[in-house]
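Given chain A's structure and the hints, the job is docking chains B, C and D onto it.
Protein sequence lines, in the order shown, are assigned to chains A, B, C and D.
To convert, note that position 15 of the first sequence is 7 in the working numbering; the numbers rise steadily by one, no gaps.
To convert, note that position 127 of the second sequence is 119 in the working numbering; the numbers rise steadily by one, no gaps.
To convert, note that position 69 of the third sequence is 61 in the working numbering; the numbers rise steadily by one, no gaps.
To convert, note that position 60 of the fourth sequence is 52 in the working numbering; the numbers rise steadily by one, no gaps.
In case anyone wonders, no lab produced these hints; they're calculated from the structure.
Some hints could be false.
Think about it this way: if two alpha-carbon atoms lie no more than 16 Å apart in a straight line, the pair counts; the simulated EDC-like pairs of lysine to aspartate or glutamate are [stated by the list, open to error]:
hint : chain 1 : residue 1 : chain 2 : residue 2
1    : C       : 109       : D       : -2
2    : A       : 109       : B       : -2
3    : A       : 109       : A       : 92
4    : C       : 109       : C       : 92
5    : B       : 109       : A       : -2
6    : D       : 109       : C       : -2
Calculated from the model, a selection of chain A residues having no Cβ within reach of chain C, i.e. all distances over 12 Å [to be verified]:
hint : residue
7    : -3
8    : 6
9    : 7
10   : 81
11   : 92
12   : 113
13   : 116
14   : 124
15   : 131
16   : 133
For clarity, every value in this text was computed on a predicted model and none was experimentally measured.
Heads up, the beta-carbon is just placed ideally off N, CA and C, and yes, glycines get one too.
Number of protein chains: 4
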Amino acid sequence: MTVARDMLEASPVQIDLGLDAVAAAVDACMISAQACTSCANSSLAEDDVAAMRRSIALCDDCADICTTTLRVLSRPFESDRVVTHRMLGACVRMCSDCAEECERHGAHHRHMAICAKACRACARACGELLEAEAFQELEKLAGG
Amino acid sequence: MTVARDMLEASPVQIDLGLDAVAAAVDACMISAQACTSCANSSLAEDDVAAMRRSIALCDDCADICTTTLRVLSRPFESDRVVTHRMLGACVRMCSDCAEECERHGAHHRHMAICAKACRACARACGELLEAEAFQELEKLAGG
Amino acid sequence: MTVARDMLEASPVQIDLGLDAVAAAVDACMISAQACTSCANSSLAEDDVAAMRRSIALCDDCADICTTTLRVLSRPFESDRVVTHRMLGACVRMCSDCAEECERHGAHHRHMAICAKACRACARACGELLEAEAFQELEKLAGG
Amino acid sequence: MTVARDMLEASPVQIDLGLDAVAAAVDACMISAQACTSCANSSLAEDDVAAMRRSIALCDDCADICTTTLRVLSRPFESDRVVTHRMLGACVRMCSDCAEECERHGAHHRHMAICAKACRACARACGELLEAEAFQELEKLAGG
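Chain A extracted, bound-state conformation (with noise of 0.2 Å):
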């Protein structure tokens, strides 16, 4: 339904990281982005607002790294993989957190229960891009 992999298949530069990889992790990121950006939001309506003020705080920052995370992850022209290396580490660790404490409250809210699962979604694609082989050499060099 959304025209990443389109998008991505008509650029004139070559994904590296791998066509379908990529694409799955920039429409993960959009969902995750918007569906924090809504929890955050519904959260604050709810009567018990203070039990949730851990979440709000979350979702607020993982709106934000998602967003930019697909950003960079659109624009492969010139880009630095270190740079969208560090992006994907930031939103894989952003996503787990969000998810965690989402899953927690998922039972009574069921904002609560879909993002979770939007979050979750989003730290397995992030995390499936960072085992592209790309990627490996970085990790190499990192780790000796």
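Structure of chains B, C and D alone, referenced to chain A:
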């Protein structure tokens, strides 16, 4: 495929502008914001970049305005209808500009054709939302 | 201290809306966007968070709208005056709402008082820019 | 001139990374984000746009990463130190890339020289923040 509609439905706040119309506008903004981000980057990589400088500049603004519009629409709690109306007005105009310019290059660059289509769809979805009954009072006041 | 004025002056594009007025609006948007981001987070940490939910929701929208407004103003090349006018209109209204709400809590929370002042200054700077001669024609057309 | 330091000081949350260092990084990110946004647009308007396509692409990513970094730093409540560390790492690398490329054009275009200086200052401020004692434990864990 996105969760915008589910998230809005799960909000404790009633969606006065209409659940389906708001969800459609959020989805269209997400797609258009990503397409514009990608299109501007692809154009930078093309040999005829000089011919596309107007389109790149418009895509840059369009990506930001669509992103902020979808965030405002994703936060119905305590939202100000006048602000929403003005953001939608900015978004419709911006997307129409951007679509028109990208269409001019659509025959030569597939990323332009896809982006133009995404911007047209966003202009239409946000334009339809501006027709919502909840906005009619505002327009009467402004027009009177 | 910021470089907004220097950057606009160094642009090959002439700033029709007036160099000083645009630079002042960009600076005010930067300050207001950061203040609102910080204010919302501080409010989440306060014991009386439930009393501040409206202010948090307004700060969230205000931070995004100010950020997009300063980006649009920072891109004079090929910009559409109607879009700029509408973004400024959204920004003035949003900042006024946010300032009014944060002022209500200003006596109890210093972050609210500082944020309210930053939003007022931004509403004023963007409002003054809307008075630019270059916009007068637009308003005549819309009002006629 | 900005209120970042005042806002952080007024937060009920203690700033473990150091009030002055965080405020300096927030200010540097704000300035760099705006400079990059403006620089990319000015470059599009120059006759030799084709020579500056790498710089434009880097400025686009840099503006977004700086904006998200300043937002994450402006939200100390419930923030995850690992996420902050990774965002700062992405920001330092991005700003260094962007500064290096813009410096190459600094003699011919004043907007490039100003932007390069803003990016260098941001890389330095975020790099200094990465030296904060509160981060040392993390690095020991990662390095061990």
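Cross-check of the supplied hints:
no., hint, result
1, 109/C <-> -2/D, "holds (12 Å)"
2, 109/A <-> -2/B, "holds (12 Å)"
3, 109/A <-> 92/A, "holds (10 Å)"
4, 109/C <-> 92/C, "holds (10 Å)"
5, 109/B <-> -2/A, "holds (12 Å)"
6, 109/D <-> -2/C, "holds (12 Å)"
7, -3, "holds (27 Å)"
8, 6, "holds (29 Å)"
9, 7, "holds (27 Å)"
10, 81, "holds (23 Å)"
11, 92, "holds (18 Å)"
12, 113, "holds (24 Å)"
13, 116, "holds (27 Å)"
14, 124, "holds (31 Å)"
15, 131, "holds (33 Å)"
16, 133, "holds (35 Å)"
This entry satisfies every hint, going by the numbered hints stated previously.
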